[in-house]
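Just so you know, the sequences run in chain order U and C.
For the first sequence, the residue numbers in the numbering used here are 1 to 210.
For the second sequence, the residue numbers in the numbering used here are 1 to 210.
Rather than coming from a laboratory, the hints here were simulated on the basis of the structure.
All residues carry an ideal CB built from backbone N, CA and C; glycine is no exception.
One-sided and incomplete, this derived list gives chain C residues near chain U with beta-carbon spacing under 7 Å:
1. V51
2. T54
3. W201
Below are the DSSO-like pairs computed for lysine-lysine, each with C-alpha atoms no more than 27 Å apart in a straight line:
4. U:K172 x U:K117
5. C:K198 x U:K105
6. U:K101 x C:K198
7. C:K101 x U:K15
8. U:K151 x U:K22
9. U:K198 x C:K101
10. C:K101 x U:K192
11. U:K151 x U:K21
12. U:K117 x C:K15
13. C:K15 x U:K105
14. C:K198 x U:K25
15. C:K15 x U:K101
16. U:K174 x C:K198
17. C:K21 x C:K192
18. C:K151 x U:K151
19. C:K151 x C:K22
20. C:K105 x U:K15
21. C:K198 x U:K117
22. U:K198 x U:K15
23. C:K117 x U:K15
24. C:K105 x U:K192
25. U:K198 x C:K105
26. C:K122 x U:K167
27. U:K101 x C:K192
28. C:K101 x U:K151
Number of protein chains: 2
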Amino acid sequence: MAQIIDDLNWRYATKTFDPEKKVSKEDLEILLEALRLTPSSFGLQPWGFVVVETQEILDQLVPVSWNQQQVAQASQTFVLCRKESVDEAYVDSYIADLCQKRGMKVEDMSGFSQVIKNFLSKYSEESLINWMSDQIYIALGQLITVAATMKIDACPMEGFDSDAYDKILGLKEKGLRSVVVCPVGYRASDDKYATLTKIRWELDDVVVRI
Amino acid sequence: MAQIIDDLNWRYATKTFDPEKKVSKEDLEILLEALRLTPSSFGLQPWGFVVVETQEILDQLVPVSWNQQQVAQASQTFVLCRKESVDEAYVDSYIADLCQKRGMKVEDMSGFSQVIKNFLSKYSEESLINWMSDQIYIALGQLITVAATMKIDACPMEGFDSDAYDKILGLKEKGLRSVVVCPVGYRASDDKYATLTKIRWELDDVVVRI
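Using the sequences provided together with the hints, build the complete structure.
Following this line, the structure appears as structure tokens:
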């Protein structure tokens with residue numbers, strides 16, 4: 001059908017990584033750049049991307065990840081985070097960055113700035129957290145897809161203790177909170193999950209054409 | 001750096017599509033297959049993907065999309081939906097599909113089935129909706145990235161009236177609820193947004209290396 005579909009069929013949630021095979025520095029920078037370029041609502045980028053490769057820290061993450069060993073076996077483990085909060089000062093910093101990069105005056109963007117602030121002010125704190133999480137999941141989708149095109153394995157994971165991650169990684173001090181985890185690397189040759197039939201509904205079961 | 005990064009830099013939230021340029025049938029099937037292959041928590045795929053190309057319907061969507069014309073100008077508009085609910089019967093149907101495709105007995109997967117059911121039962125209805133939305137945003141990230149590799153333009157949109165979409169598209173009857181919208185097609189030659197500098201925080205502002 002297309003190379004990209006082959007890539008997406010090739011990928012799977014890797015349960016056992018080969019601890020000897022490391023993602024190269026160059027490839028790691030490509031994955032990070034792909035995360036950086038993720039689109040977000042209003043362009044607000046309410047996120048931080050933590051990449052852990054210190055073995056001692058990775059080992060500490062396993063018991064707070066339902067004992068899933070892939071967190072420590074992987075070449076790197078990505079922790080995709082939301083900001084602790086997105087307030088008016090943050091919107092101002094975003095608008096300032098936008099104006100600086102596009103050679104505009106902040107006053108010229110006051111309308112757009114107010115639209116965003118009005119939008120955010122309508123949300124409860126909980127709704128804002130959910131809205132930020134949505135944006136982080138766009139980044140996860142982009143990461144998984146880009147990794148697949150590079151034949152880099154990944155294992156997106158919701159099964160972890162977010163508070164424990166935040167503590168071990170010192171995220172609160174950085175104004176971040178962990179949302180979703182994704183070890184990356186290369187599958188072990190004996191990972192039995194690699195050859196299992198992929199389970200997806202048929203196209204007609206999930207697609208509606210109008 | 002890499003072709004995939006060029007592709008991600010090439011893409012932008014397209015505000016004006018060329019209404020004469022249509023995504024080919026072959027390419028549309030690739031985008032749909034990419035959506036179908038999206039990974040999800042437990043593999044549950046709590047989604048439906050609506051692709052609208054009937055002009056009369058697209059025109060009806062504009063006024064309930066903050067009058068954003070790209071919804072009707074695009075070649076197709078994707079409406080990424082969550083299921084209305086994910087209950088035990090749905091988990092059973094997923095486990096049955098898994099067992100049928102992998103030649104296993106449903107009894108052999110009763111443990112996994114129970115893990116999923118326990119997981120879902122801990123959630124409030126609102127939390128379940130948020131959890132489903134997260135999965136739909138993975139699909140959005142995958143769609144945007146795949147489209148970019150195919151030089152197909154897209155405009156992910158949260159600015160629409162979800163209830164009105166559900167009504168116009170008859171989604172409730174299909175057990176679906178709209179989560180996020182994404183027109184796809186080809187940028188108009190005069191879309192001034194195409195040449196604006198992309199606004200993203202610098203790598204050091206969003207990446208933490210541990």
